[in-house]
Structure formats: structure tokens, C-alpha cells
Amino acid sequence: MSSAVKDPHRIVTGEEFGYRAETLPYRSVPELFRLRVKELGDATMMRQKELGIWQAYSWNQVAAIVDEIGAGLVCLGFEPGEVASVLSNTCREWVWCDLAVQSAGGVCNGIYPTDAASQVEYLCSDSRSVYLFVEDDEQLDKYLEVADRLPRVRRVIVFDMEGLQSFDDPRVISLQRLREIGREYLKTQPQILAQRSAARDPAELAVLVYTSGTTGRPKGAMISQSNIVAVLSALSATLFEGVPRGGERIAFLPMCHIAERLIGAFIPLERASVVNYVENPETVFENLREVRPHLFFAVPRVWEKIYSQVAIALGEADKLQRAAYALALRIGTEVATCTLEGREPALGLKLRYRLARWLVLDNVKRMIGMDRVEVGLTGAAPISPDLIRWFLALGIPLREAWGMTETTGGGTVTPAQRIRPGSIGRPGPGMQLRIAQDTNEILLRGPNVILGYLNLPEKTAETIDADGWLHTGDVGRVDDDGYFTITDRMKDIIITAGGKNITPSEIENELKFSPYITDAVVIGDKRPFLVVIVMIDQENVEKYAQDHDIPFGSYASLTQAKPINDLIWSEIERVNNKFARVEQIKKFYLLQHQLTAEDDELTPTMKLKRKFVESKYAEAISAMYL
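Its first residue numbered 1, the sequence shown is counted upward by one per residue in this note's numbering.
The hints are simulated quantities; they were obtained by calculation from the structure and are not laboratory data.
Careful: at least some of the hints might be erroneous.
Stated by the list, open to error - Here are the simulated DSS-like pairs of lysine-lysine, each with C-alpha atoms no more than 25 Å apart in a straight line:
| no. | residue 1 | residue 2 |
| --- | --- | --- |
| 1 | Lys500 | Lys586 |
| 2 | Lys616 | Lys586 |
| 3 | Lys491 | Lys616 |
Put together the whole structure using the sequences plus the hints.
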């Protein structure tokens, strides 16, 4: 580990570590898309399952569809700079419409498919959307509920018309019908999209991404084409250093979140990779095994679930198999330690590792669909360093990246050759990072910083200061090697009644490394000791209950069973041993229902809303202090 830096508040740039931003041969996403269409033509661009079969679409096929949708919008009166919103799960149509809207000179905004009708109303109204794309009748119903309060929305375009054959509303048409309108329009105006795209200034607003709203109402982050191109240039030099273009990936996270928008839509254009859109959120792991991607990005909760799946499989294995896995993992851990420390493994260790891979580790990677992964990436929330080390021991190069909606998703990445678990890595080229003097807040300045928040000049001024520094809200430190580490969010730091400052995320990450714990919220601000609210891993805990003959009839009864509470307490005590007495958990409360993205407690990227959880479960929290 590096010692503390001599100047902990210096400005750190990617250039000082040899990173150089590429000069890219395009100024916008539409230009990049057309470049790849010309280059790759009939090669596969994307796949999506229909009736259990993966259907492939070439670059030429997608270009024709995008042209039809974009021309259809123009024909119906869509003007440059106007906003169109997409209310849908992640799918091929989402990307088609995104590319079409941008190609027509418009601004594309995403709405989470889990949002309620009232949220749809707010987001359409705040963004001043004039068109709304919806996935199906379920999403259309949300619009219809608030349609009278959305006079700006001129048309609603539905992807899947099943169940709507007899529905009649002049404002609502199918995506297929929009494509037909566009096809006819192109006969007389074949260059309309090229003209629209070329006429837009890359510095103008192109994409709206609303913050997840962990506190207060979501804010519309205004992102320009120049912002997106700057991030693509930086990631080419950092995340994809030495990685060949092409390959496969899967997309399953919400496309209206900056992380998946960047990695599931924009980066595949830059990298000329094939994107496979999952059938639905429940089939992610099945689809992962089918596709066996070369790049896999997921939030920590998904990586934790993969670890849990292996833990379940081991629980069902015989004694010899478990012993073989333990030995192989120990050897893999030794190799990973050498890599992390920048040392070359000894010849004997290399030979043992090769055997361990052949007999065990490669089989584990194939079982989880990650035997071809060249870039494993986690972000959007903190992750346990021990979990990263576990994946590295398997031979999966899991790296942390950090960025925000306000940085167009780009910021820092851990270098492939020097991964440091617990660190978010170094800044990319063109980006400047520093630690604020008084608060230790991480500040960022660069071409990836957004234009500001839509309709909120005061909030913009609070977040981006007069010198162009973005105040991220993350507290952290930097070492002599330019590696940044986030210690917590400014608003999440706990100050106990005894005056002790505690960063709850460190404790929470350790707890979530347990195969029996999915999520945890540590509480203790202005209180005499720490307590924690825990959400158990349903699959693993049910398996434990079955193996130990613990009766239960429902999820709630499972959380109330004494042996299960004893199990969770043993996991908490294991974590407690890693921390000072004042940082140890004294009591816990198990949530009695499984949370999903539809629940108010979770953001769409599966992060617990700390303040909301504290408020909702205030009575249970108070009881722990009695």
C-alpha cells in the first residue's frame, strides 16, 4: 500500500500517468453510428430473444430502422432541439429510438419502467417532452392516467401493441406505423436525417438523464454530444487499453441510467461490439451463460449474486469437490495477490495455477458464463474489496470504475495491470480530480462535466462552481500513485453521540460480502451505538433453512425464525471483528419482505435509499435502542 501523499489536495490528471485522449473521427453519436454502419455493414450489431431464439440485427438493418423512425418523427413535426422520452425496459427498440431521436436533431430522455404514473407526468413535464415512446400496454396505461396533464405530448408511440388491437386514440400509434410513415417520407427526403444531424452543434443539449433521486425529486442532467465523445475518448485510453475491438456483451440494467446508456449503447458503437439484450430482468443469469460476453458490466448487487450462486452450488457439491474448489481458490488467490502487488508469480505457482484452472476454476467460470470475460466492470455503488479479490482469484479481471450522471458516466478507472481493490482508480485523460481542502470532497473538472441541470440554475451553481469544478458529494482520498478511494457520501457519514466519525459504506460492504446478506443499512448518527437493517439473500437463506430443517412458510416467517436470526448475527459478528469497538454493530433488524426496483426503498439501480429506509423503518430502529 502507498503511504499518504505529501500533497493530498493536489490536482491529479490522467496525462501524468501516460493516458492520452484519442482524437476521434466523429463529433456526435449519430456520426459515430453512421461511421460504423459504413464500416461494418452486414455484420451483427445486436441481438434480442424472440420466442426463445436470439434474433440478430446487422448494422445495415438497424440503420434502416433508425432512418424510418427518425424520418417518421420529422414527418409528424418533430423539430431540432425538441425532447422525446422513452418509457421502456432495456431492449433493442430503446436503442433504435435513442439513435433516431438524436439523428433527427432532438434530445432523448429516458424514464424508468418502474416509475409510477405521477413520476411519468413529472418527467415528461419537466423535460418538456413532445413525443413519448412506451414499451407496451402496461407503460401506456401510466401515460393515459395523466394524459390530460401532459398537453405538450403530441404523440405516444408503442413498441408492442399486443392487447391494444381494439384501442383507439388519435394520439397513440404503433412503432411499426411510425416506421411506415418514415419510409414514405424518406422517398422524398432521403437526406433529412443527415442534414439534421450535421446542423446541430455538438456542444448543445443532446441527452437528458435524470438522477436517481435518492434525495428529493430527480434532476435532469443536460448532456451534450461533446460530453459523450469526451468520455468515449477517455475510456478508449483507460478501460479498453490493450483490449481488441469487437466482442460480445449483454445489456440488462435500465437504459435511462447513465451507466447502461454509456456501456450498453454508446460504448458498443465506439468498440464495434455486439450487444445482446436480455429477455427480462429475471433471465439475466441464464442469458449471461448463453452469451458468455467479453465485457460484463454490472452493479455490485449483481456481482454479489454471482458469488452467491457459486456458494449455493458448492453447498450441493460433495466433500471432494468442495476440497478441490478450496485448494484451487487458494492457489488463485496467491496468483491474484502477486498480480495486485505487481510481482511475477514463481514458476511453481504458475504451474499449480494452470492445473487449478484446468481442473476447477475454468469450470466455475463456465458455470457462471464468464469464461470469456476480458473486461469485468463494477460501478454505480460501493463494492467489497474481498469480492473483487474473489473474482480475481477465479481469473476474472473485475475492475472498479467511478463516474456520475453529472460526469456523463466517466471519471476514474482502475488500470488493468494494477488493480487495487477498494480504489476507484485514476482519472482518464482530459479530466482533473482533486480532494477539497476542508471537506475532503472529490472534485472533478473536464470536458465530461454536464451542461447543468434542466430548469434548475440554482442547483447547477451549487454543484458546478465558477471555476468549473464539479462537487461530487463523494468523500475520499488520493495516494502518491494517483489512485482515488471513496470513503463515503458526504451526506451519509455517521457522527455518533460520542463524536466518532464513521463511514457506514465500509461496514455495509463487508456485510454484503456474506452470501446470506443482500443489502444492509448501518444507522447510528447522533446515537450511542451502531445498528443495521438487513435484507437477506432469499435463495441462499432458504437453502440454509432447508438444509438445517428450519420450518418456514413465507419470506416473512423465514426472517422471524430464531436460527436464521442467529445465522445473520454470526455474519455480523464476523464483520465486527474487522472493526474497532466503536464501529461495531450492536443490534440488527431483518426486513420482512424482499425489496425490488418497484419498491420505494430502492433506486432503479438497486441502491437502498438510506434516508427513505431510515424514515420508513423509524419505529423498528427506535426499538433497537431501547
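So, going through the hints one by one against the coordinates:
1. Lys500 / Lys586: 16 Å, holds
2. Lys616 / Lys586: Answer holds: Lys616 to Lys586 is near 21 Å, not above 25 Å.
3. Lys491 / Lys616: 18 Å, holds
When held up to the earlier numbered hints, the structure conflicts with none and fits them all.
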